[in-house]
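Student: We have chain Y; now place chain R onto it with these hints.
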Amino acid sequence: MSREGSPTYPLIRNVGLSGMLVSFGDQLDEATNRATLAFRGAVDDLALSGVVETATSLASVFVRFDPAELPHERLHAALADLLQTRDWREAPLPQGRRFWRVPTVYGTELAPQLAEAADLAGLSEQAAIDELGAARVRVLTIGFAPGQPYLGTLGEHWDIPRQSEVTPQVPVGALVLAIRQFVLFSTASPTGWRHVGQTGLTLFQPEAADPFALRAGDELQFEPVGTAEFLRLRETGAPQGGAIVSEVSA
Amino acid sequence: MRALRVLRIGPSCTVQDGGRVGYIGQGLSQGGAADRLALAEGAALLRQDAGLAALEMAGMGGLFEATEPMRIALTGAEMQATLDGAPLVWNGSHRIEPGQRLEIGAARRGVYGYLHLGGGLATPQRLGGRSTHLVAALGAPLAEGDILPVGEETTPAARRVTGLCLDVADRFSGGELRLVESFQSDLFDPAVRRRFAETPFTPGRRASRMALQLMSEGEGFAAAGQLNVLSEIIVPGDVQMTGDGRPFLLLREAQTTGGYPRIGTVLPCDLSRAVQAAAGAVLRFRWVSLAEGLVQQAAHDAALARLPSACRPLLRDPADMADLLSYQLIGGVVSAAADPFEPRDEPGAET
Chain Y
1 MSREGSPTYP LIRNVGLSGM LVSFGDQLDE ATNRATLAFR GAVDDLALSG
51 VVETATSLAS VFVRFDPAEL PHERLHAALA DLLQTRDWRE APLPQGRRFW
101 RVPTVYGTEL APQLAEAADL AGLSEQAAID ELGAARVRVL TIGFAPGQPY
151 LGTLGEHWDI PRQSEVTPQV PVGALVLAIR QFVLFSTASP TGWRHVGQTG
201 LTLFQPEAAD PFALRAGDEL QFEPVGTAEF LRLRETGAPQ GGAIVSEVSA
Chain R
1 MRALRVLRIG PSCTVQDGGR VGYIGQGLSQ GGAADRLALA EGAALLRQDA
51 GLAALEMAGM GGLFEATEPM RIALTGAEMQ ATLDGAPLVW NGSHRIEPGQ
101 RLEIGAARRG VYGYLHLGGG LATPQRLGGR STHLVAALGA PLAEGDILPV
151 GEETTPAARR VTGLCLDVAD RFSGGELRLV ESFQSDLFDP AVRRRFAETP
201 FTPGRRASRM ALQLMSEGEG FAAAGQLNVL SEIIVPGDVQ MTGDGRPFLL
251 LREAQTTGGY PRIGTVLPCD LSRAVQAAAG AVLRFRWVSL AEGLVQQAAH
301 DAALARLPSA CRPLLRDPAD MADLLSYQLI GGVVSAAADP FEPRDEPGAE
351 T
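Respectively, the protein sequence lines represent chains Y and R. Take the first sequence: its position 147, counting from 1, is numbered 147 in this note's numbering, and each next residue is one higher. Take the second sequence: its position 190, counting from 1, is numbered 190 in this note's numbering, and each next residue is one higher.
Check the hints yourself; a few may be wrong.
Stretch by stretch, here's where chain R covers chain Y in the computed footprint (C-beta under 8 Å, at least three residues) [stated by the list, open to error]:
no.	segment
1	54 to 67
2	123 to 129
3	147 to 154
4	223 to 236
Calculated directly from the structure, the hints in this document are not laboratory data. Model, not experiment: these values are computed from the prediction. Built from N, CA and C at the ideal position, the CB exists for glycine as well.
Same shape as in the complex, but just chain Y (with noise of 0.2 Å):
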């Protein structure tokens, strides 16, 4: 979408009475989401006065803050100097990732929109459990429900758009695609976006000590497995439906 006189970025802009945006696209692609983790980590590391929290989202880094005690002049010209340091597109990615190998059912009652977003892609039902099953994805970032990420990115033909029709609910562990993304719910919810793979995962548990399972930069891959084992993981209470976790290398 082009508007005239489209913004230059990076931007900062206001959120509300309290909050600051600094955005570096309008668009997601690897670099951009690289700079928001990078990004957010240096804010943190300023430990600025009035700053409430932080967040990332896809391509932006979020500041909360108290106005009171931190005037938005004064927040807007730490957060431009910072942006002037260095380029931030090409920061690398943060330290102590994690990759997720997670046994997945795609398709079958468990997964039922499988068919249709392959369809959409223009791949066989095979081809693409093949495709979705070998791609390793990364946390973008974690938003809107407890713990759930946004994962990508997918191949273009996987940009497929949202249903007209939300689904009224998808349980835990579904693992729902739209625009060359995956969402991997954490709480059972309506989605607009289809239901392709249904995983073993519990991403919010707010009784354990860690109750965030993932972190943002974390990469997943969604090994295909069939019912039968989805099923046997599920009673014998596997952890994590069976996922396997392991450090990634820099």
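Tutor: Chain R alone, transformed into the frame defined by chain Y:
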């Protein structure tokens, strides 16, 4: 155990405090009491910390019993309230004894009523808070038979009074919501933004702790290129336009990111008025500059800080006083200056 027994309860009653700060980056919105002002009013009436948890009652209260003598306060949407059948003043603080039955009925006006307890509700903390966050499945609505632990009083004994009340301005009948422009406001034509502020809205049926649907006559308020917006951060107070340009006011329990564009953000200090608007109330929006919004919010915060000194002794109507004869009506044994309910903030002033 110092506790409140739930003998009967409405369908949407939850434990609420100020919510959880610091988890937006993990996808967990702050949550907390829908009417933050009511939380502060209850704390002022009980002379205690506003961060303590209270019972939030949406539309309908319940029947309760305390295991020990306790102080309570009632705030927010006014509900029919009685103690062993005798009416209790809303926006007031009272004492209840073990075995007495506290009954709270339907809201007469507004949506969310609050029951506060001296010492606060002491349900287990999770992620640094006690708030039930329905969207995150963090806690659940209360049910008949629940026993809610109540914390020990932290208010010094000399200040542990009851029989105070607050005069509360009407925020339960709709009215004006002030909003500032936000980072997506310019996706909407100036004419659409103007028309938005000229349109009366009524709350729709799809109201929850997450969002308030806003109904209006006439065409919607669509943005240009509405469906191509990248998902972005959401803050409470954002007014989001769905695909057909119908507005939803997003509240403290909203999702943390979303793809629908937002026309502006309602000032935090006006959210109490928004959430307390029941079916039939009329809400209107007024654009204010960022500078004016900051001034209005600061004035509200200052008024919150003054709430404790705004509490005054509850004057009973002699006609309602069954125990009139037990009061000493003449004699001046106690001077007015030594009124035990005199609301002053100096330590020891109430002794």
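Student: It remains to establish, for every hint, whether it holds in the given structure.
Tutor: Hints and how they fare:
no.: 1; hint: 54 to 67; in the structure: holds (count 10)
no.: 2; hint: 123 to 129; in the structure: violated (count 0)
no.: 3; hint: 147 to 154; in the structure: holds (count 3)
no.: 4; hint: 223 to 236; in the structure: violated (count 0)
Of the numbered hints given earlier, the model fails hints 2 and 4; all others are met.
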